[in-house]
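J.: The task is simple: from the sequences and hints, build the whole structure.
Here is how the chains run, residue by residue.
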Amino acid sequence: MSKLPNAQTLAKSINYAFPSASWMDVKPVFNPGSFCYPAKEETMAGLGMPHPHTWNPAEEDWNLPENWEEIMYNTLVDKLEKFRSFKVFMDICVRCGACADKCHFFLGTGDPKNMPVLRAELIRSVYRRDFTTAGKLLGKLAGARKLDKNVIKEWFYYFYQCTECRRCSLYCPYGIDTAEITMVARAMLHEVGLGTHWIMDPVSNCNRTGNHLGIQPHAFKEIVEFLCEDIETVTGIKINPPFNEKGHEILFITPSGDVFADPGIYTFMGYLMLFHELGLDYTLSTYASEGGNFGSFVSANMMKKLNAKMYAEAERLGVKWILGGECGHMWRVITQYMETMNGPTPSNMSVPKSPITGTVFHNAAATKMVHITEFTADLIKHNKITLDPSRNDHRIVTFHDSCNPARGMGLLDEPRYVLKAACNNFVEMPENTIREQTFCCGGGSGLNTEEIMELRMRGALPRGNALRYVQERHGVNTMACICAIDRATLPPLADYWAPGVTVTGTHELVANALVMKGEIKRTMDLRQDDLPDAEE
Amino acid sequence: MSARWIEVVHGTYPFDTIGFLRTKKDQFANPVGYRTEEAAKALMDVVFSERPDQEALATAVEEIVRVRAIQDFSPEIAVGVFFALKDIVRKVLQETGEGQEEYLPALLALESRVDALVLMAFGVYARCREKLHQLRVDEFKRQYSQILRLAEKKAEKTDKADSNN
Chain Z
1 MSKLPNAQTL AKSINYAFPS ASWMDVKPVF NPGSFCYPAK EETMAGLGMP
51 HPHTWNPAEE DWNLPENWEE IMYNTLVDKL EKFRSFKVFM DICVRCGACA
101 DKCHFFLGTG DPKNMPVLRA ELIRSVYRRD FTTAGKLLGK LAGARKLDKN
151 VIKEWFYYFY QCTECRRCSL YCPYGIDTAE ITMVARAMLH EVGLGTHWIM
201 DPVSNCNRTG NHLGIQPHAF KEIVEFLCED IETVTGIKIN PPFNEKGHEI
251 LFITPSGDVF ADPGIYTFMG YLMLFHELGL DYTLSTYASE GGNFGSFVSA
301 NMMKKLNAKM YAEAERLGVK WILGGECGHM WRVITQYMET MNGPTPSNMS
351 VPKSPITGTV FHNAAATKMV HITEFTADLI KHNKITLDPS RNDHRIVTFH
401 DSCNPARGMG LLDEPRYVLK AACNNFVEMP ENTIREQTFC CGGGSGLNTE
451 EIMELRMRGA LPRGNALRYV QERHGVNTMA CICAIDRATL PPLADYWAPG
501 VTVTGTHELV ANALVMKGEI KRTMDLRQDD LPDAEE
Chain Y
1 MSARWIEVVH GTYPFDTIGF LRTKKDQFAN PVGYRTEEAA KALMDVVFSE
51 RPDQEALATA VEEIVRVRAI QDFSPEIAVG VFFALKDIVR KVLQETGEGQ
101 EEYLPALLAL ESRVDALVLM AFGVYARCRE KLHQLRVDEF KRQYSQILRL
151 AEKKAEKTDK ADSNN
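Top to bottom, those sequences are chains Z and Y.
Just so you know, we're using our numbering here: the first sequence kicks off at 1 and counts up by one.
Just so you know, we're using our numbering here: the second sequence kicks off at 1 and counts up by one.
Keep in mind that the hints were calculated from the coordinates and are not lab data.
Check before you lean on any hint, since a few could be wrong.
Claimed, not checked - Residues from chain Y that face chain Z, not an exhaustive set, calculated with beta carbons under 7 angstroms:
id, residue
1, Pro14
2, Phe28
3, Pro31
4, Ile70
5, Leu132
6, Arg136
7, Arg142
8, Gln143
9, Gln146
10, Ile147
From a predicted model like this one, the values you see are computed outputs, not experimental measurements.
The beta-carbon is built from N, C-alpha and C at its ideal position, and this holds for glycine as well.
T.: Laid out in structure tokens, this is it:
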């Protein structure tokens, strides 16, 4: 698209006949802004990943191992044998197209290979050639093709334009989980040494120190203490959260983004304030200092390895159950994989029971982990905390359902219940953009890296578009969420598509409204911005 | 003319996508298609009116260029679609055949207006691209906010220790 055609040429380019080239012959162009930087060789080697090497997606030669074809074939055989779901997903699609226009990347890029059906076809076509009779006999006629180096490039390009959000699966009459296809495709690419820096660097850090940034225990503690100083400035209350202490009832685990990054820190301050007010018997851990699990964007084995620290710490510290913070993919891993991967739970753990209300969380009987919004909603339901929602009156709040808690665990009503108790002005975005049908932030599954900001903004268009709508129509100025990746990706989304909307965690708003024993009169919120009626 | 301009915009997308852009009408299920049609309506209202409403025009241009600025288009294609209005009008006049000379002054005025429109689109495009880069910088700062704070504190301590020695 480098030469500017005139209108006639442009108009002529629209003909409603069949396209001249088959999708198989259209190759992706690796323009800057549309692909993630590759993982470093030393990072991959340190993790013991297969075939660590230096390569650049923008270059012709990706330095694949000599026997790459054999590796890929064997890996595909292995995945088909191991994951029955993957085998079924390869066979069962009738290409009805119900998923085609449900993907935020398709809507934002207009690239047909971002239709989930066609994205899956990238791998299905290869499967068909070697594993189906029709494909073996008829080849291209049956939609089959040989795996060549260009196909590998295509996989890298498009399976890193899927955020594993699973919106397409919702509309699939067969329930094909495209996210699982993406997971398998990415795991296959890893077998020939292809991974992204933004995913593998946090994986490596997590592997060594327990959190994405590789922050060591003393620094982790120091940063939490800063946040406690900020809490004291706002509320006059000094909090000393326990670290790595044995013998408490609850271990609290949250994504490290809540500790290190804006605006997650305000949500983290919210958790600490809530626990202090309740007198909760809990501890933080500087080892299980990360709820997020970028291993889930790499392979089942890496996901399992990184997740193991949660139960290991629960056992070492002797807690009864784990309370988990606001995170997205952390909860998909917990709800859908943790018990199988890392279970059974240590013998010191029991079915979670709120020490404040006595509610038993039977839904968490398998994993012994409770989501903080379930915990807080239960507190509010039993009138165990006092909230003054008028402190949030200058905010008109909407809620972004994060893909993983919404579609991955059905957590739809608890956050809304909490938000409505903490804020007087709550507005929903349009029906086909929320709850199970929520649109992704455009940066899930390890795509929240700055070098693909352009691509992310394309993927963010459907969500931004809905946000813009409620901003214009209802004056929405705040978007709450329950995901640390969202807290990182939604600020640029809002800044680009609906400038003027602030992104917050749910417990930031709870803490702003929380009436605490012995607090000073609140004149500012947790961000230390003056409250509108502060001077009265 | 509106329909023709929409076709031109759709024509900048891959073939397999055009059918979807044309047919799906829900503004949330098809944001690109919807914004294109809204822009077309506004352009027709504004470009062909006696006294164009500058604000309405700016909004229409902004809404569609904001999308095109981050899609996989060269800058020329991203904003060039507005020039197509000239060709479309000329073509319509050719087709109607009669009285072309009497329309000439109006046509020239319209062409100048389209030029202004493209400049407006260029401005929006440039601001959007600039914004995109600003987003990357802002995100970096947010990501490491507390690490930077820790580093600053350590630096302060070292400075103090140095000045005491």
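J.: Hints broken by the structure, by number, lowest first?
T.: Checked against the structure, no hint fails, so every one of them is satisfied.
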